[in-house]
Amino acid sequence: LLRFLKSEELNRNAKMRGTEIFQLLVGVGALAANTAAFSVVSPSFASKIARNHDRISSLAKNTKLYSSEGDNGINSERFQALLRDLQIENVPILGCDADQVTTLMAATWTTMADLSERDGEEKVCLVMEKIPMGALSAFVDDFSVLKLQPRLMAHLPELSRISVSLVGKDAGPAFVIEAAARTESEQAEKAKRVAGENVSQEKAEEAVRAFVQRSVIGENTCPYTKNVDMAPVALEAKGVQSGPIGYRYGASSDACAALATFWNNICEVLGSTEDVLSSTMLSLPAIGPGTSEEAHDRFAAVVEIIGRYLCLYRGDSLFGLVHFHPAYDRSKIFPLDKPAYGQLPPRSWLRPIIKLSGNDADSLTDEDLALSDYQRRAPHTTINILRVNQLNAAAGPNSIVDLELEDGTTEKASGIATYSRNAIHLASIGKDALEQALQEEMAILSA
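In the working numbering, the protein residues as written are 1 to 447.
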């Protein structure tokens, strides 16, 4: 696969590193429906897609759907014929000017969300002339693998009716995205899920701000956040300036919509300087609402695939994610005994982490250590999107160390001081006080 790396900032250093870089993450590319190319079955459906795409970009350009040029190494004549066949079938053809994988993902998941929202059988072609075939193939292949993973699909039922393929397998840079008609059982699942879409943006932000003030600042779980509006602090000497925290919101309970919202926020962060937008707290209150085991499983599955597709295109070299949920339980996050992107270290690592930091781990019971989860127990599903340069500055040089686990194996670990301090401090507060504070923040959602 092509190595999709680097923001515009990192790309300036590419020659020194000798790395061949495809410029993937540089602001928001142009993305809009090419209305001239529509052969529309459902006018309302096509207009809704167009409106959603307009939210990603305000720059609309006509795509060269029937160009004779062999761009992107494709067989243009075969590609043109296949697109005409789709038009004959009355399949909407959407031309997209995305030229980076951020906008590729935003466009793809936004289109999938539109299909997932509707109950009928739908089919759309999304043309991405400026995206290399390798990037498109990577997504198609991984989405096919995802649908064969029952551990995740048990908690992502809306994805089971959606399929993604390349036009003519690899004839040209275009997806065909299809949704089968919802069955009665799938309609019942959707109705139950949609019933949880009852938290307003204002209440979601108020609750998250209360959590940040109490847990992140008051309990000092992040020493570089001292204000609910600005972060980080005290890193200026390391070249990181403080900037506004963006509080963002996604109302939908649909997993595709959650990914579309996430990628739109990635585009926003990349298109903003740190003094304009430092980091983002993305509220997704309808994703796994409440504290039941079912809600936690849903949260864990959705944030896992969010991290999965960010890492697929090496976005983890630019961003760190921090995941929150009111029932957060690291002992139920896959994998149990290995690191998981955006999650706390495995529970079995906590004692070795505390010992390595020079503190007494033996005085803490297993119940005490479990209280470490409260640093991630926000009133609803939330994702903190951070820039990697902030994380690197906060961690400092040589932050990755060898951690000897209780079974005698050794793993690489980082954040030792922070995780150790938080575990000890949260244990000293006690479960009753931590739970009461969480319940008060959750009450804001329905006030």
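Be aware that one or more of the hints could be misleading.
Each computed BS3-like pair below joins lysine-lysine, with the alpha-carbon atoms no more than 25 Å apart [as the list claims (entries may be wrong)]: (1) Lys-169 x Lys-203; (2) Lys-130 x Lys-169; (3) Lys-147 x Lys-169; (4) Lys-203 x Lys-226; (5) Lys-238 x Lys-355; (6) Lys-190 x Lys-203; (7) Lys-412 x Lys-338; (8) Lys-147 x Lys-190; (9) Lys-431 x Lys-412; (10) Lys-147 x Lys-431; (11) Lys-169 x Lys-332.
Keep in mind the hints are simulated off the structure, nothing from the lab.
Comparing the hints with the structure gives:
1. With a C-alpha separation of about 46 Å, the suggested pairing of Lys-169 with Lys-203 is violated against the 25 Å cut-off.
2. Straight-line distance between C-alpha atoms of Lys-130 and Lys-169 comes to about 18 Å, which keeps the hinted pair within the 25 Å bound.
3. Straight-line distance between C-alpha atoms of Lys-147 and Lys-169 comes to about 18 Å, which keeps the hinted pair within the 25 Å bound.
4. For the suggested pair Lys-203 and Lys-226, the alpha carbons sit about 22 Å apart, so the restraint of at most 25 Å is met.
5. Our distance criterion of 25 Å between C-alpha atoms is broken by Lys-238 and Lys-355, whose separation comes to about 28 Å.
6. Taken as a hint, the Lys-190 and Lys-203 pair is honoured in the structure, with Cα atoms around 23 Å apart against an allowance of 25 Å.
7. In summary, the hint linking Lys-412 to Lys-338 is supported, as the alpha carbons are separated by about 10 Å, within the 25 Å threshold.
8. With a C-alpha separation of about 18 Å, the suggested pairing of Lys-147 with Lys-190 holds against the 25 Å cut-off.
9. Between Lys-431 and Lys-412 the CA atoms are separated by roughly 30 Å; this puts the pair beyond 25 Å, and the hint is violated.
10. About 38 Å separates the Cα atoms of Lys-147 and Lys-431, which puts this hinted pair outside 25 Å; it is violated.
11. Restraint check for Lys-169 and Lys-332: not satisfied, since their Cα atoms lie roughly 38 Å apart, outside the 25 Å limit.
Checked against the numbered hints above, the structure violates hints 1, 5, 9, 10, 11; every other hint is satisfied.
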